[in-house]
Amino acid sequence: MWKFSVRRILIMIPQIILLSILIFILAKMMPGDALSGMVDPNVSPERLEELRESLGWNDPWYVQYGDWVGGVVQGDLGQSFRFKMPVSEIVGQRIINTFWLSLATLIFTYLIAIPLGITSGRYNDSLLDQAITSYTYIGFATPLFIFALVMLWVFGFMLGWFPTSGSVSPGLEPGTFEYVMSKIYHLILPAIAMALITTVNTVQYLRSEIIDTKQKDFIITARAKGASESRVYNRHILRNSLLPLAAFFGFEITGLIGGTIFVENIFGYPGMGQLFLESITLRDYSVVTAVTLLFGIAAILGALLSDIILSLVDPRIRIK
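So that you can map any letter, position 51 of the sequence shown is 51 in full-length UniProt numbering, and since no number is skipped, the others follow by simple counting.
Any given hint could be a false lead.
Stated by the list, open to error - Here are the simulated lysine to any residue pairs, SDA-like style, with alpha carbons at most 20 Å apart: (1) Lys214 with Gln130; (2) Lys214 with Ser230; (3) Lys84 with Arg283; (4) Lys214 with Arg231; (5) Lys183 with Ser169; (6) Lys3 with Ser306; (7) Lys84 with Glu278; (8) Lys214 with Leu277; (9) Lys183 with Lys214; (10) Lys28 with Ile16; (11) Lys183 with Phe162; (12) Lys216 with Ser230; (13) Lys214 with Ala104; (14) Lys183 with Leu106; (15) Lys84 with Val72; (16) Lys28 with Ser306; (17) Lys216 with Tyr233; (18) Lys28 with Gly296; (19) Lys84 with Leu277; (20) Lys183 with Ala104; (21) Lys216 with Asp125; (22) Lys84 with Leu282; (23) Lys183 with Trp100; (24) Lys214 with Ile118; (25) Lys214 with Leu128; (26) Lys214 with Ile96; (27) Lys3 with Leu19.
Unchecked claim - Beta-carbon label-pair distances, calculated as ranges: (28) Lys216 with Leu301: 16 to 24 Å; (29) Lys84 with Ile138: 41 to 49 Å; (30) Ile220 with Phe177: 51 to 59 Å; (31) Ile138 with Ile16: 35 to 43 Å.
Don't read these hints as lab results, they were simulated from the structure. Each residue gets a CB set at the ideal place from its N, CA and C atoms; glycine is no exception.
Produce the entire structure from the sequences given, and follow the hints as far as they go.
Shown next, in the form of structure tokens:
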């Protein structure tokens, strides 16, 4: 097991290096910079060029990349030209909110998807299965940002059941019970909105696995030996169908990264997704590259974790 984990970690290192190069090059290819359109119009173009030269923005890209990576390795993500503070401090303030939102979304996703997928797969072609399948088809066809807007309008503005912005009520002391409950209260609606759309993939995947497993030879053999239907289903069908969900974990994390960008902006939730779009609008490329790199690393780590979990539950996939 440890050999497999070490091998996967070693494969991950060049992936992160290649990811950092692509992110840096793409950021440099974007039009303008942090000084474009946001300075006093009385400042001469010559002075702007002097500032760019002093900041090293006119150096070759590989020199700038080397300086940037050297800082990242030391924990220095650069300086934000719009927020006037280190990028690491800005990210530190936002990443906690995104983490809790993503965790809550994952919990809601599996709480919804597993019962629906099991029910749909066990009673396939029934009216209940058709209803669940119709829900997944609607989920596939509905853009996340449209669904989130509808959820915000209905449950936030019309019914007033949930707050419409922020991550905590103002004036509460951090660490108190009221503060914690307010944080939970603020993330419930965006987490459910994202989970109801992202869950459709897991429902369909689990349904297909259960239907496919029911037709396997060892299931037919178990029934022929006189095993009860509940034993066949719980000990053989369900157990073997749930194992591949571990491989879906990395995909879920990648989907959450994209989803938080939309959901956090729609719900005014101060997380990494909102910071990402704000930084693009403000041309704060030091923040953009840092956030994109962290999102990419999270996706790679999600795939790594998925492989390790799958190797634990199914040793046959381990590389010898």
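Outcome of the hint check:
Taking the CA atoms of Lys214 and Gln130, the gap is about 18 Å. The hint holds against a cut of 20 Å. For a cut-off of 20 Å, the pair hint linking Lys214 to Ser230 stands: about 13 Å separates their Cα positions. The straight-line distance between the Cα atoms of Lys84 and Arg283 is roughly 13 Å, inside the 20 Å bound, and the hint therefore holds. Taking the CA atoms of Lys214 and Arg231, the gap is near 13 Å; set against the 20 Å cutoff, the hint holds.
With a C-alpha separation of about 8 Å, the suggested pairing of Lys183 with Ser169 holds against the 20 Å cut-off. The suggested pairing of Lys3 with Ser306 holds, with an alpha-carbon distance near 16 Å, which does not exceed 20 Å. This hinted pair checks out: Lys84 and Glu278 have alpha carbons roughly 14 Å apart, not beyond 20 Å. Between Lys214 and Leu277, the direct Cα distance comes to roughly 46 Å. Violation of the 20 Å bound is thereby established for this hinted pair.
Using a Cα cut-off of 20 Å, the hinted pair Lys183 and Lys214 is violated, with the two alpha carbons roughly 43 Å apart. The hinted pair formed by Lys28 and Ile16 meets the criterion: a straight-line CA distance of about 18 Å does not exceed 20 Å. Restraint check for Lys183 and Phe162: the C-alpha separation of about 12 Å stays at or below 20 Å, so the hint holds. With a CA separation close to 17 Å, the supplied pair Lys216 and Ser230 stays within the 20 Å bound.
For the hint linking Lys214 to Ala104, the alpha-carbon distance of about 32 Å lies beyond 20 Å, and the restraint is violated. For a cut-off of 20 Å, the pair hint linking Lys183 to Leu106 stands: about 17 Å separates their Cα positions. This hinted pair checks out: Lys84 and Val72 have alpha carbons roughly 18 Å apart, not beyond 20 Å. Restraint check: the Cα-Cα separation between Lys28 and Ser306 comes to about 33 Å, which exceeds 20 Å; the hinted pair is violated.
Taken as a hint, the Lys216 and Tyr233 pair is honoured in the structure, with Cα atoms around 12 Å apart against an allowance of 20 Å. Under the criterion of a C-alpha separation no larger than 20 Å, the hint pairing Lys28 with Gly296 is consistent with the structure, at around 18 Å. Annotation: proposed proximity of Lys84 to Leu277 holds, straight-line Cα distance about 17 Å (limit 20 Å). Between Lys183 and Ala104 the alpha-carbon distance is near 11 Å, which keeps this suggested pair within the 20 Å criterion.
Straight-line distance between C-alpha atoms of Lys216 and Asp125 comes to about 18 Å, which keeps the hinted pair within the 20 Å bound. About 13 Å separates the Cα atoms of Lys84 and Leu282, which keeps this hinted pair within 20 Å; it holds. This hinted pair checks out: Lys183 and Trp100 have alpha carbons roughly 9 Å apart, not beyond 20 Å. Under the criterion of a C-alpha separation no larger than 20 Å, the hint pairing Lys214 with Ile118 is consistent with the structure, at around 12 Å.
For a cut-off of 20 Å, the pair hint linking Lys214 to Leu128 stands: about 18 Å separates their Cα positions. Among the hinted pairs, Lys214 with Ile96 is inconsistent with the structure: their alpha-carbon atoms are about 42 Å apart, more than 20 Å. Proximity of Lys3 to Leu19 is assessed by CA-CA distance (about 25 Å); at most 20 Å being required, the pair is judged violated. A beta carbon spacing of about 33 Å between Lys216 and Leu301 contradicts the range 16 to 24 Å that was offered as a hint.
A beta carbon spacing of about 45 Å between Lys84 and Ile138 agrees with the range 41 to 49 Å that was offered as a hint. Hint check: Ile220 to Phe177, Cβ distance near 55 Å, so the stated range 51 to 59 Å holds. Checked against the given bound of 35 to 43 Å, the beta carbons of Ile138 and Ile16, roughly 37 Å apart, stay inside it.
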